[in-house]
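Student: Note that the protein sequences, when read in sequence, are chains X and L. Heads up: take any position in the first sequence, counting from 1, add 1039, and you land on our numbering. Heads up: take any position in the second sequence, counting from 1, add 1039, and you land on our numbering.
Hint data in this document are derived by calculation from the structure and do not stem from the laboratory. There's no promise every hint is true.
What the hints assert, rightly or not - Lysine-lysine pairs mimicking DSBU-like chemistry, simulated, CA-CA at most 35 Å apart: (1) L:K1082 <-> X:K1092; (2) X:K1118 <-> L:K1082; (3) X:K1092 <-> L:K1092; (4) X:K1092 <-> L:K1118; (5) X:K1082 <-> L:K1092; (6) L:K1082 <-> L:K1092; (7) X:K1118 <-> L:K1092; (8) L:K1118 <-> X:K1118.
Chain residues, written in single-letter form:
Protein chains: 2
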Amino acid sequence: MSCIFCDVAEGRTSARIIREADDLVAFYDINAQAPVHILVIPKRHIPTINDVKADDAVLIGKMVLLAREIMEEQGYDRKGYRLVMNCNNDGGQTVYHLHLHALAGRWMSWPPG
Amino acid sequence: MSCIFCDVAEGRTSARIIREADDLVAFYDINAQAPVHILVIPKRHIPTINDVKADDAVLIGKMVLLAREIMEEQGYDRKGYRLVMNCNNDGGQTVYHLHLHALAGRWMSWPPG
Chain X
1040 MSCIFCDVAE GRTSARIIRE ADDLVAFYDI NAQAPVHILV IPKRHIPTIN
1090 DVKADDAVLI GKMVLLAREI MEEQGYDRKG YRLVMNCNND GGQTVYHLHL
1140 HALAGRWMSW PPG
Chain L
1040 MSCIFCDVAE GRTSARIIRE ADDLVAFYDI NAQAPVHILV IPKRHIPTIN
1090 DVKADDAVLI GKMVLLAREI MEEQGYDRKG YRLVMNCNND GGQTVYHLHL
1140 HALAGRWMSW PPG
């Protein structure tokens, strides 16, 4: 089965990549829901957050910290931003390769969906 | 300055605590936005995700993994759930002690706020 985010991670499809780390890639969401909407993915194919092992705590933390770093670089740290991770259908997950959303540039309302 | 989530972490205020780990506490959000709405906080006072250091990647990962574990225990892993972390005003942060929201029990719409 092909996976669109594996294709992004491995450079087989075009994406507006912001940063590439050893085990992570950050790029712009093509269906932006805010003036700035980025995604951070692990290069390794992990379908959902349910599939993460206890050993992966550092990987997950690094995903959040990379999103935070990009928000800061782009000048959204003071104003703020929202980080979101969807799991399965009720969570609104549409691509089954783990990804963290970071949304900025507008006020994010509550509830979060 | 008093902090309501430090009070929860240190048992100075009542909260419906679900789990306590060495460095984390999980409890129910009193302003639930879904049938199940939990919060995971570090016991240590960290105002926002901007204040987290690179060394804290494991701590952040553990927050996500604890939320995941509770969602699984409560039977929401298959149906799904949404994890959210708000930073500063645009992100909708209201309590300035780092916290991760986990929402389940209903379909979460898009955009996430």
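Student: Checking against the hints above, which ones are violated?
Tutor: none
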